[in-house]
Amino acid sequence: MFRHWLMAVALCGLVAAPCSTFAANESKIQADLNTFAHQYVKSANKRMTVNRARPQVVKRGSTYVATFTEIDQETVTAQMRKSNSKHFDYVATLSYNELTFESVGKTRKEATSGQFRCVKVRKLTELPRYVKGKWEN
Amino acid sequence: MKVFRNALAVAALVMGIASAAQAADMIRKVDSFDLLADQSGSMMMQAPDLKMTKAAAAKQVLAAVNEAIPDLGYKASMHTVAPAGQVVSYGDWDRSAMSTGIDSLESDGVIFGRMTPMGDGFAANSGDYASMARPTAIVLASDGANNTGIDPVAEAAAIYQAQPGICFHVISFADTPEGQAVLDKIAALNSCSVSVKGADLLADQNALNQFVADVFYTTGAPVAEEALVLHGVNFAFDSYALDAKAQGILDEAAAVLKEKNVRVTLEGWTDSIGSDAYNKKLSQNRANAVKAYLVEQGVPASKLTAIGMGKSFKYDNATEEGRYLNRRVEILFN
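Chains as they are written, first to last, in our numbering: chain X, 1 to 137; chain B, 1 to 334.
Don't read these hints as lab results, they were simulated from the structure.
Backbone N, C-alpha and C fix where the C-beta goes; we use that ideal spot for every residue, glycine too.
Derived list of chain X stretches under chain B, where covered just means 3 residues or more per stretch with a C-beta under 8 Å from a C-beta of chain B: (1) 43-52; (2) 86-95; (3) 110-124; (4) 127-136.
In the SDA-like style, the derived pairs of lysine to any residue whose C-alpha atoms are separated by at most 25 Å in a straight line are: (5) X:Lys132 with X:Tyr90; (6) B:Lys314 with X:Glu102; (7) B:Lys291 with X:Asn137; (8) B:Lys291 with X:Tyr90; (9) B:Lys311 with B:Gln163; (10) B:Lys311 with X:Val50; (11) B:Lys291 with B:Asp243; (12) X:Lys134 with B:Ala254; (13) B:Lys29 with B:Leu72; (14) B:Lys314 with B:Asp276.
Computed from the model, here is a short list of chain B residues facing chain X with C-beta under 7 Å: (15) Gly73; (16) Ala224; (17) Glu225; (18) Val229; (19) His231; (20) Gly248; (21) Asp251; (22) Phe313; (23) Tyr315; (24) Asp316; (25) Glu321; (26) Leu325.
Please put together the full structure from these sequences, using the hints given.
Quick look at the structure:
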């Protein structure tokens with residue numbers, strides 16, 4: 001009886017401990033992914049040539065139209081899973097909405113200072129990879 | 001008289017305000033459009049119900065459509081078939097220039113000896129369509145009759161295959177079952193198409209406004225485009241061979257595509273380093289390489305169209321990070 005109990009304990013040592021370590025690792029990797037996703041989106045917004053701080057203004061007939069594009073940070077989600085590839089351990093589905101806004105005015109200034117409305121929505125997905133202990137895209 | 005003039009001015013003002021308010025709620029469904037007029041001999045024949053030639057009726061309808069399109073910053077052009085040609089060159093849509101182009105169309109020309117090589121016309125104009133901003137609406141005004149040369153239905157299908165983001169819409173002036181059948185087949189190629197009778201648009205302003213709304217704009221939330229964006233799909237220097245990491249990324253993308261099982265367009269983009277011509281060719285060859293790899297992974301070739309877009313300026317090319325973001329493959333779900 002004691003021998004069976006000892007075997008069960010030993011088995012738990014072999015199986016349960018690595019499992020809990022593995023789960024802990026995955027939680028950490030998911031947390032890293034969340035941080036990575038928000039930093040990535042923030043950086044992408046900053047690198048947009050035409051952005052909220054620097055809208056593009058074009059003359060359309062007798063009016064001016066100011067436009068910019070940005071990622072809606074409220075829509076960012078990132079979910080990881082085990083990769084099927086031998087090149088990386090995990091892959092993530094990073095999803096967000098990229099919105100294009102437009103404002104129309106009689107002058108360039110009126111257009112840039114007017115109320116911008118959303119005229120285009122792109123639902124984008126990217127596939128970041130977990131390589132050598134960090135997320136990359 | 002003065003009262004009448006004042007009333008007219010007030011009415012014009014109210015209409016102006018109303019149309020400005022309407023435009024504020026409207027969102028473009030397409031970024032560009034082409035008006036495509038059939039100028040064949042059969043179109044120069046009388047349509048007894050309309051008491052004018054079909055070509056004259058098509059001119060009236062196209063003019064009315066041009067007037068009803070809201071000013072939402074479209075790009076536009078105008079072409080003809082039978083004979084194929086460009087009437088208004090591609091650029092920012094100018095209602096007045098388009099109106100002049102429509103006025104220049106024939107409405108009572110020679111009937112005999114002018115069959116309709118509509119498919120040849122589609123093929124001849126397709127080069128111009130390739131450079132139009134997407135999504136693109138092609139508004140065909142035709143009777144669909146007397147076709148000769150390339151099958152127009154097959155040619156329209158070929159354009160759909162090669163140039164995703166295009167949609168053919170039909171304004172029919174058909175007066176034979178055969179002509180209507182050809183136009184119906186073109187409209188049936190893609191669920192995006194709107195198909196109407198020219199006579200209905202002439203008779204009913206509401207029908208015309210509805211057609212314009214269906215093709216050109218929406219008043220609700222903008223229609224969302226969906227795409228998978230891949231960074232890090234790298235190639236060896238000046239080569240089209242995918243490196244091992246790129247293959248891993250594309251393995252994951254292939255899994256997504258097989259699950260979705262829809263037609264997609266692969267757009268290859270480069271950063272701004274190098275000449276336009278070099279980057280255009282490079283991006284096309286690399287898009288082709290990505291397509292070939294995805295096909296090897298079991299994604300059906302018939303569901304993939306590869307387009308080299310050349311240089312991207314979406315992100316700041318002055319920084320390495322911006323250039324990295326510009327070098328990408330976008331997989332657009334059509």
